[in-house]
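Trainee: For reference, the chains in residue letters:
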Amino acid sequence: MNQEIDQQESAAPRLTLFVTGDAPRSRRARVNLKAALQTVGFDPADLLVIDLVEQPEQSIKRSIFATPALMLMRGDGSIDATYGDLSDEEKLLDFLSPLAH
Amino acid sequence: MSATEWRLNKRPTGIPGLDELTHGGLPANEATLLLGDTGTGKTVLALQILAHAVAAGDGGIFVSFEESPDQLKRNADSFDWGKALVDSEGWASIDARSMIGAEFAGAFDIDGLLSMIEAQAQTLEAPWIILDGIDQLLQHQPQPQLAVEQIRRLNERCESNRWTLLLTGKRDSSERLTPHNLEGVEFMLPTMVLLSARVIDGGLGRFMRIAKYRGSSHVTDEVPMVMTDHGVTLPSVYRPQSERPFEADERRVSSGIESLDQVLDGGPHRGSSMLISGRPGTAKTTLAAAFAEAAADRGERTLIVSFDELEGPFVRNLKSVGIDLGPLIDKGVVRFLELSATSGVNIESLLAIAEELEDFDPSLLMIDPVSALMRKGNSVGSGPAVGWLLHRTRASGVTTLMTSLSNEIDPEGEATVDKVSTIADTWIALDYNVRGGERNRSLSVVKSRGTAHSNQQRELLLTSEGLELVDIFEYGTEVLMGTARMQKQSEEHFKVRRTNIEAQRRRQDLERRIEQAHSEVERLNAELELQAQEDKQTLQLEQQFMQRVRQQRTHMGSSDDSGSQTT
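Protein sequence lines correspond, in order, to chains S and R.
Its first residue numbered 1, the first sequence is counted upward by one per residue in the working numbering.
Its first residue numbered 1001, the second sequence is counted upward by one per residue in the working numbering.
What the hints contain is simulated information worked out from the structure, not anything from laboratory work.
No residue lacks a Cβ here, since even glycine has one placed at the ideal position from N, Cα and C.
It cannot be assumed that every hint is accurate.
[Said to hold, decoys possible] Pair by pair, the computed Cβ-Cβ distance ranges are:
1) S:K34 - R:T1220: 48 to 58 Å
2) R:R1007 - S:T39: 25 to 35 Å
3) S:T39 - R:E1103: 11 to 21 Å
4) R:I1100 - S:D76: 19 to 29 Å
5) R:E1183 - S:E90: 17 to 27 Å
6) S:P24 - R:D1359: 57 to 67 Å
[Claimed, not checked] Below, computed lysine-lysine pairings styled on DSBU-like, alpha-carbon distance capped at 30 Å:
7) S:K61 - R:K1073
8) R:K1083 - S:K61
9) S:K91 - S:K34
10) R:K1010 - R:K1073
11) R:K1170 - S:K91
12) S:K61 - R:K1170
The following block holds chain R by itself, in its conformation from the complex:
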């Protein structure tokens, strides 16, 4: 036996999320038991796996113990993969409804069934064999161990015939893992998948759990399962293949509002998430829409998910504040997704968004408000739901904007803010400041990862030209807004002017005094010069006088000589 033969080979099912849950698919050449209550989606799941196999060129046989071949086709046809399955000749169905209500007089074998399948599967290479509703047959065994023994034999046939077998059966809603007529089957089969359904706040929540997967790692948690036109999906574990490994993007997403970009150091990072929270009427939607418009104007695809409003009024309302999305929607750059906020199980909304993300591949996603995804009764759990969505957007470089109500009277909004704010990269809080009979909108950046940002509130102005952030006016320890800001601004203006005039006056005064001092210096200099001149003249006169005296004295000196000689 070669190494590859005994190793567990897995076969992808093509069910979005199931291959992630099982780390690769269901075991090839072995049997998997799929148990669930009525209406949990067993048959659809089996049909979808078959459709995927048939589309990939593999064959299959569907043995139906409950539905007629026509019912099966109708069932499949209600999903988008159904037509291909119905039209394909790569598979065959066997109608085994004759077992419903059949009389049994003792224990039986299922060799008839096996030889039938073998005959049909002869031409098929490694087919999927689906026995849908096997409990309809096996419940007639007088003892459960006989039924279990038959399942074991089925499993053996799989290996020798290279069948990948899927058995579905009902599970009574008791606490036990398996129904009483299949008691002990969990020890016999290598793989068991459980489906369940619960009504949560009026909505039906479906769940899947891998109860057992021998020889393989797998996710053991119960995960939500959703049924849409595309069939069954496990959104919380599904990772689309296109997903790129996450790389931190240094680029910034401009809000289109210069003053806001300045506050955020150029805008949030591409692929990051931003929460805009605030009380009703604080312009959360408008601010988020400004980002959306700016992105769309740059030609980046933008997906707007609205739980609150329909497209028409949404676009109209924004137009009044200078944000015109209409032409951008017409151009196809902006896509608008209306979702119902009242639906009980919001996983469906989450999935609708995920589908649009894949289909439209936007650069920017706006969810207004994100609290709608976090209502009570969300089968995913509110925190994980948004976490999952953000994981998706982050990994594919989609910048996400979420608005959320924060209000004392709306605990839901508070809770949303509590939860989302920890996940979001940037959190902008909007508010009003009421002062002097005015309500002025304010904006402050509570946090912004990887971005230098101001910790101060700004005033947010809604004008017909759009949004504008007015630079804060600091007055001592206060930040002033609206009229108070303007008043204070003009007061301050006068004060500054007064100071300026005062300073100028003082300067002029000093200059004048310097001037005065200068002229004094000049005057004194002149005086000094005059004095020097006077001194010089005096000296000259004195010298002249002395010379005259000396001349006279010399003249007298000759007489003096004789005179002295004589005396």
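One chain only, chain S, in its complex shape:
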């Protein structure tokens, strides 16, 4: 999974969603994100979803203390993150604006 992220780092902006199992907020985040990605025109297939219950080492590696967490890796390697169930649509769209065509 790591490798996947690393491989794609140099390419176009990458989006990763960190969730914890099937927790209600994680589920809500997936739904909210899916809707927003449609709005900005980002292919949901390009979204990487990492479950921290399965891979707890990822939470340390990425310093993720709150879930769900959405990370945006830009082409220049800089990372933006936003946390929460992504129910604040305005904030979410603002966060995703670099992906918009």
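Following the hints, position chain R against chain S.
Mentor: Just chain R now, with coordinates in the frame of chain S:
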């Protein structure tokens, strides 16, 4: 479930005073919330608890939401327990600073954090888990109840994972118990500790209060908290373990001044406290130092705490009145502790003394003057501060001497005397008596518990050989001193001599008269004897005469017979 499982187990924190305050420590396998303003010592307290745990072989995880791991280490390293903590591999830190300024778009879980801690804590047996600055994370929850709910879940994890959890967070300086973003958390967690800081007369006073401790008795008062090189201490509640149960000691501590010991029935009791009060220049320090020197001469360790003077001048000044502490200090029998009397919060001074008491373990403690511990702005409160100190010294059998200024123009001194004199076992008041152009020092024992003592003033003489108490000179209802005493003494002396001579003269006179009477008796006896002799001779002569007469009469009697016959 066995009886021991559901019972509240407490874990000692190793913070001097906190385990006394909580009657044993913080709850094991539960969460404790530590709230306080910025700069109240939350992080240091948490680090110190961790250091204590690590030193005892327990493990821990420190999740820092505000400081980097290097900052944490530097912070710890400024305390004497810090190096051991920094060098130890018994704990791990997690850098959670990424939450500062993070963007949040809705409610969140902290499962990521929990799984991270679980992964790290796997190898640790019943670890301490510290989440330092948890408010940095939880303040982003859109509703406070979500944050509180997460804290409740944390608490549940503690029980199942056997974690002892310490959460620290900022508290806004409002009147409310908890910050608005953690509103209601006080109902959720079993234990809450509050830290606060106030500037008192220019000094920073820190305080701690146990706001809540479910299922346990605890001290509910706000107590002062002090931070030194040794870390955090709560001096007013801390009871060192070495403390022995108090036993009344019958032994006396000699002052080294025979005449003073006599007044005090041999000296104050060992382990008792003595207040020496007086106006400036009444030789308070000198008198106390005499005790100190005497104790040190006997080989007893003596701690001199001076707020007024530096060691050099202190020793020099005493040398001029025959008290030489220099060699005793060199030998290590006397230790000198210079403290600043101008510091705003005197709890630090109190603590410095307490530390020396533990480190040096003296038999005698001299505080010159004790009023310095009682200045306004003392966060402990002046009465309790000295009471606490005396409790410590009394319990460990340390005899305590305190000097205090008493002066109309110094209300502080008066107040000190007021307060300390009620606590102290013995109170010696020094004064001057001005009379006939002289100022003479006087000493009187105002009270002395458990000791027969004179209620009269004595004259206190400072000579180059040391102190001396001169026996009071009573003249009618007065006690005379100095020249007046000497004058009166010589007057009295002459008077006594005159009386003596008079009496002798009268005795001699009587003796002479007895002598005279004796010789008269002798003379009369002789006369009597003479008379008797004379009487005897007279009788003999008379008898001889009568015999002669009778003889003659017999002779004539024969003729008489015929004669009568014839007639």
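Trainee: If a hint holds in the structure, say so; if it does not, say that too.
Mentor: Quick rundown of the hints versus the structure:
Between S:K34 and R:T1220 the CB atoms are about 54 Å apart, so this pair conforms to the stated range of 48 to 58 Å. Here the CB-CB span from R:R1007 to S:T39 is close to 57 Å, at odds with the stated 25 to 35 Å. Checking the proposed 11 to 21 Å range against S:T39 and R:E1103 shows it holds: the Cβ atoms sit about 18 Å from each other. Range check, R:I1100 to S:D76: Cβ separation about 23 Å, and the 19 to 29 Å hint holds.
Restraint check, R:E1183 to S:E90: a C-beta distance of roughly 26 Å satisfies the suggested window 17 to 27 Å. Between S:P24 and R:D1359, the C-beta spacing of about 58 Å keeps the proposed range 57 to 67 Å intact. For a cut-off of 30 Å, the pair hint linking S:K61 to R:K1073 stands: about 21 Å separates their Cα positions. Taking the CA atoms of R:K1083 and S:K61, the gap is near 28 Å; set against the 30 Å cutoff, the hint holds.
Annotation: proposed proximity of S:K91 to S:K34 holds, straight-line Cα distance about 15 Å (limit 30 Å). Between the alpha carbons of R:K1010 and R:K1073 the distance comes to roughly 27 Å, so the proposed pair stays at or under 30 Å and holds. For the proposed pair R:K1170 and S:K91, the alpha carbon gap of about 27 Å is at most 30 Å, so the pair holds. Pair hint S:K61 plus R:K1170 holds up; C-alpha atoms about 28 Å apart against a cutoff of 30 Å.
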